[in-house]
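> Those sequence lines, one after another, are chains R and E. What the first sequence shows, in the working numbering, is residues 781 to 987, in sequence order. What the second sequence shows, in the working numbering, is residues 85 to 170, in sequence order.
Derived by calculation from the structure, the hints in this document are not laboratory data. Hints are not guaranteed to be accurate.
[As the list claims (entries may be wrong)] The list that follows gives simulated cross-link-like pairs (lysine-lysine, DSS-like), each with its CA atoms no further than 30 Å apart:
hint, chain 1, residue 1, chain 2, residue 2
1, E, LYS166, E, LYS156
2, R, LYS798, E, LYS156
3, E, LYS113, R, LYS971
4, E, LYS166, R, LYS798
5, R, LYS798, R, LYS874
6, R, LYS842, E, LYS161
7, R, LYS979, E, LYS139
8, R, LYS855, R, LYS842
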Amino acid sequence: MPATTEAGVFDESGLLAKARDGDAAAFNELVNRYSRKIYRLAKHITQNDTDAEDVLQETFMKSYEHLGDFQGQSKFYTWIVRIAVNESLMKLRKRKSDRTVPLDEPLDTGEDTVVREIAVWDENPEQQYSREEMAKILDESVESLKPSFRTVFVLRDIEELSTEETAQALGISVPAVKSRLLRARLQLREKLTRFFRRKGDDVFAYL
Amino acid sequence: MTSLLTCKEFLQELTDYLDSTVDAELRRKLEAHINECPNCFVILDTTQRTIKVYKGMQAQEIPEEVHIRLMKAVERKIAARKTAAQ
Numbered sequence: 781m782p783a784t785t786e787a788g789v790f791d792e793s794g795l796l797a798k799a800r801d802g803d804a805a806a807f808n809e810l811v812n813r814y815s816r817k818i819y820r821l822a823k824h825i826t827q828n829d830t831d832a833e834d835v836l837q838e839t840f841m842k843s844y845e846h847l848g849d850f851q852g853q854s855k856f857y858t859w860i861v862r863i864a865v866n867e868s869l870m871k872l873r874k875r876k877s878d879r880t881v882p883l884d885e886p887l888d889t890g891e892d893t894v895v896r897e898i899a900v901w902d903e904n905p906e907q908q909y910s911r912e913e914m915a916k917i918l919d920e921s922v923e924s925l926k927p928s929f930r931t932v933f934v935l936r937d938i939e940e941l942s943t944e945e946t947a948q949a950l951g952i953s954v955p956a957v958k959s960r961l962l963r964a965r966l967q968l969r970e971k972l973t974r975f976f977r978r979k980g981d982d983v984f985a986y987l
Numbered sequence: 085m086t087s088l089l090t091c092k093e094f095l096q097e098l099t100d101y102l103d104s105t106v107d108a109e110l111r112r113k114l115e116a117h118i119n120e121c122p123n124c125f126v127i128l129d130t131t132q133r134t135i136k137v138y139k140g141m142q143a144q145e146i147p148e149e150v151h152i153r154l155m156k157a158v159e160r161k162i163a164a165r166k167t168a169a170q
């Protein structure tokens, strides 16, 4: 999965220093390196092509403007993810102007981690669906999560940020990240089970 | 300390277990639970596979026109800064 390891593989300090000094080619290189991931992230959170494009542009515009402020204590990618997440959440808030998207809900007791569907999955569910069908199932399942769960899941399990980086990007606590991630994962597991369960199995065969 | 965890307790720790951030003692308890509880074993297995299937998802290419507009916007931004600096 080269796309997910890029951030760790290259030492970017040289590239960043050049970009900071006004080297256009160096900044373009950074844009090309991360634009796909930022676009995917924005699309997952905003669920809308136009908003995702706006977020993509805004993210790189703002990162360019504030390049001088970037201290290099975190990875460049983590830094721009934070910008992209903020821009995406602003889009969501704008759309639901009557209802704000809660950023830090109180921790609940986990009562909604109730599991309803328990079934063994098919050995290779990927073989039952075309690539397009598979992508559609995965995308629609993520989209059906509520925004506060979806955002945490996308950052942790798709963009592979650490728990701490996710907490930082969203401005919420580490326990809040963990609690939302657990519920997001369990809810997705249920949704996918409906598609991927082993055919011919009785639901109660494993009780 | 040897008592089995309940399913609810198991579920609460599932994410930390999958992320390997539980200590050895808790790990032992969680593993003892899945050895005894087929339902939780299935939940663990299918949650693990849920995460794996998303991690394996490749970022799709950006539509070409979106990429072109992005690069043009970047170009304008850089040119504007250069003009301002002169």
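> Which of the listed hints are broken here?
5
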